[in-house]
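2 protein chains.
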Amino acid sequence: MCESNVYLQDGEKEVLIMESVDSIQPCENGVNLMDILGRQMFVPARIKAMTLLNHRIIIEKIS
Amino acid sequence: MCESNVYLQDGEKEVLIMESVDSIQPCENGVNLMDILGRQMFVPARIKAMTLLNHRIIIEKIS
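Note that the protein sequences, when read in sequence, are chains A and B. Mapping the first sequence onto full-length UniProt numbering, position 57 (from 1) lands on 57, and the numbers just tick up by one. Mapping the second sequence onto full-length UniProt numbering, position 7 (from 1) lands on 7, and the numbers just tick up by one.
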């Protein structure tokens, strides 16, 4: 399965906020995440970087 | 392998612009893409939507 884990960058740390994310949709004020079970989460953040082979998506708060 | 294909939305169409993308890094004026072979491409576009299980990343031109 090719879902990714989403981490919120908080200073030096990266905090896992959602696992097994399938769908990511940026919108004006943040990103909408949905995992493989259909659970949804909105985070007021933007995508910073992704490495899909590592299943990692890093987002950072919109300042 | 969990790489994705990147499509540029052009009106109603979605044009495949890079296959087997591993890394995506948004920056101020666009996105930097890198595929699994290390080939890089810069596109003046923003991420519109991703569905990782379908290996699809849609980007749209920055207007």
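Quick caveat, the hints were computed from the structure, so don't treat them as lab data. The beta carbon of each residue, even a glycine, is placed where N, CA and C say it ideally should be. Errors might be hidden in some of the hints.
As the list claims (entries may be wrong) - When the alpha-carbon atoms are kept at most 25 Å apart in a straight line, the in silico SDA-like pairs for lysine to any residue are as follows:
#1 A:K13 - A:E3
#2 A:K48 - B:K48
#3 A:K48 - B:Y7
#4 A:K61 - B:R39
#5 B:K61 - A:K13
#6 B:K61 - A:E60
Said to hold, decoys possible - Stretch-level coverage of chain A by chain B, calculated; a stretch enters the list once three of its residues show a Cβ under 8 Å from a Cβ in chain B:
#7 2-8
#8 47-56
Consistency of the hints with the structure:
Proposed proximity of A:K13 and A:E3 is supported: the alpha carbons are some 22 Å apart, at most 25 Å. Among the hinted pairs, A:K48 with B:K48 is consistent with the structure: their alpha-carbon atoms are about 14 Å apart, no more than 25 Å. Our distance criterion of 25 Å between C-alpha atoms is met by A:K48 and B:Y7, whose separation comes to about 19 Å. Of the supplied pair hints, the one linking A:K61 and B:R39 is violated, its CA atoms being roughly 29 Å apart against a limit of 25 Å.
Restraint check: the Cα-Cα separation between B:K61 and A:K13 comes to about 32 Å, which exceeds 25 Å; the hinted pair is violated. Using a Cα cut-off of 25 Å, the hinted pair B:K61 and A:E60 holds, with the two alpha carbons roughly 22 Å apart. As drawn, the region 2-8 of chain A meets chain B at 3 residues by the rule of a beta-carbon pair under 8 Å; at three or more, the given contact holds. Under the rule that three or more residues need a Cβ within less than 8 Å of chain B, the assignment of the region 47-56 of chain A holds, with 8 such residues.
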